[in-house]
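*Asks:* Based on the sequences and whatever the hints tell you, model everything.
Each chain is listed here by its residues.
Number of protein chains: 2
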Amino acid sequence: MAQEEEQRKKDEQLMAKAVAEAQIALEAGEVPIGAVIVCNDRVIARAHNLTETLCDVTAHAEMQAITAAANMLGGKYLTDCTLYVTVEPCPMCAGAIGWAQIKRIVYGARDEKSGFEKYAPGVLHPKATVTGGVLEEECKDLMQNFFKARRKHG
Amino acid sequence: MAQEEEQRKKDEQLMAKAVAEAQIALEAGEVPIGAVIVCNDRVIARAHNLTETLCDVTAHAEMQAITAAANMLGGKYLTDCTLYVTVEPCPMCAGAIGWAQIKRIVYGARDEKSGFEKYAPGVLHPKATVTGGVLEEECKDLMQNFFKARRKHG
Chain U
1 MAQEEEQRKK DEQLMAKAVA EAQIALEAGE VPIGAVIVCN DRVIARAHNL
51 TETLCDVTAH AEMQAITAAA NMLGGKYLTD CTLYVTVEPC PMCAGAIGWA
101 QIKRIVYGAR DEKSGFEKYA PGVLHPKATV TGGVLEEECK DLMQNFFKAR
151 RKHG
Chain C
1 MAQEEEQRKK DEQLMAKAVA EAQIALEAGE VPIGAVIVCN DRVIARAHNL
51 TETLCDVTAH AEMQAITAAA NMLGGKYLTD CTLYVTVEPC PMCAGAIGWA
101 QIKRIVYGAR DEKSGFEKYA PGVLHPKATV TGGVLEEECK DLMQNFFKAR
151 RKHG
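If you read the protein sequences in the order shown, they are chains U and C. Per UniProt numbering, the first sequence starts with residue 1, numbered consecutively. Per UniProt numbering, the second sequence starts with residue 1, numbered consecutively.
What the hints contain is simulated information worked out from the structure, not anything from laboratory work. Note that this is a predicted model, so its numbers are computed, not measured. Keep in mind that a hint or two might mislead.
[To be verified] With a cut-off of at most 25 Å between alpha-carbon atoms, the simulated BS3-like pairs for lysine-lysine come out as follows:
{"#": "1", "chain 1": "U", "residue 1": "113", "chain 2": "C", "residue 2": "127"}
{"#": "2", "chain 1": "C", "residue 1": "118", "chain 2": "U", "residue 2": "103"}
{"#": "3", "chain 1": "U", "residue 1": "9", "chain 2": "U", "residue 2": "127"}
{"#": "4", "chain 1": "U", "residue 1": "118", "chain 2": "C", "residue 2": "103"}
{"#": "5", "chain 1": "U", "residue 1": "103", "chain 2": "U", "residue 2": "9"}
{"#": "6", "chain 1": "C", "residue 1": "113", "chain 2": "U", "residue 2": "127"}
{"#": "7", "chain 1": "C", "residue 1": "118", "chain 2": "U", "residue 2": "127"}
{"#": "8", "chain 1": "U", "residue 1": "113", "chain 2": "C", "residue 2": "103"}
{"#": "9", "chain 1": "U", "residue 1": "103", "chain 2": "C", "residue 2": "113"}
{"#": "10", "chain 1": "C", "residue 1": "118", "chain 2": "U", "residue 2": "113"}
[As the list claims (entries may be wrong)] Stretches of chain U that chain C covers, calculated by requiring three or more beta carbons in the stretch to come under 8 Å of a beta carbon on chain C:
{"#": "11", "stretch": "55-68"}
{"#": "12", "stretch": "82-93"}
{"#": "13", "stretch": "117-126"}
[What the hints assert, rightly or not] Computed from the model, here is a short list of chain U residues facing chain C with C-beta under 8 Å:
{"#": "14", "residue": "51"}
{"#": "15", "residue": "76"}
{"#": "16", "residue": "99"}
{"#": "17", "residue": "100"}
Ideal placement from N, C-alpha and C gives every residue a C-beta, glycine not left out.
*Replies:* Here it is in structure tokens:
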């Protein structure tokens, strides 16, 4: 139980770093999603959504974190890494997570509308585990406030 | 019927350009997959798989073609474009194709093992159409010969 509690605390600390990335996205007018990749308790990549800035639908936080982590490690497989992301990955990102063989995925808010768990449940590595709901309210609020403000001004 | 025949010929001509890209990948030691994106009968992007060269699982032919086409058009939605790719897209690429709102996808060889039609059938735009089997033998031979040679030397 003590071990579970310790893991939960560690997950929240690392998710807070992903949330900080999401906030950078928000300030840039992007859908506020952030991600970090951790290897042996060390953050090796941080990224946030840049689809508007780069005018590129593939520039999701997770995609860029995967590219950066592979670059950092000098190898394209991220077998011993954990991905922290503020929102449940979409099928594109989940596909990339599967190709990279990431074994643990931790996300904040569920994405009922376009998350991979609904649209592409079989794309992760067979041994991958998924933990959802870490700092859920914080991650969800970021998204809801963004879309509420956009509807008001859009 | 004459119109269908004309479309088939046009598809084969454009797929031949994707095959040429796949051959460039092959020469670089990459899994031989190529893609082109066409808008109003004009090729606006060409790309081939670069996962080994870039040490990046996200560097599939389709992903790079989508990024290049958006860059070319100055907008991230490729609503009026057709994607030609030598092999059925994986869920990651199909997810990107969905986000880019590409309405027509033409592929060469089926990918029974990791194609999107099995793992993520619902990720394309609801109005998207898919045509498979264009220059199928050529596209399949490229892949089979690559993997046969790799098994022999690996």
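*Asks:* Identify every previously stated hint that the structure contradicts and give their numbers, smallest first.
*Replies:* Of the numbered hints, all hold.
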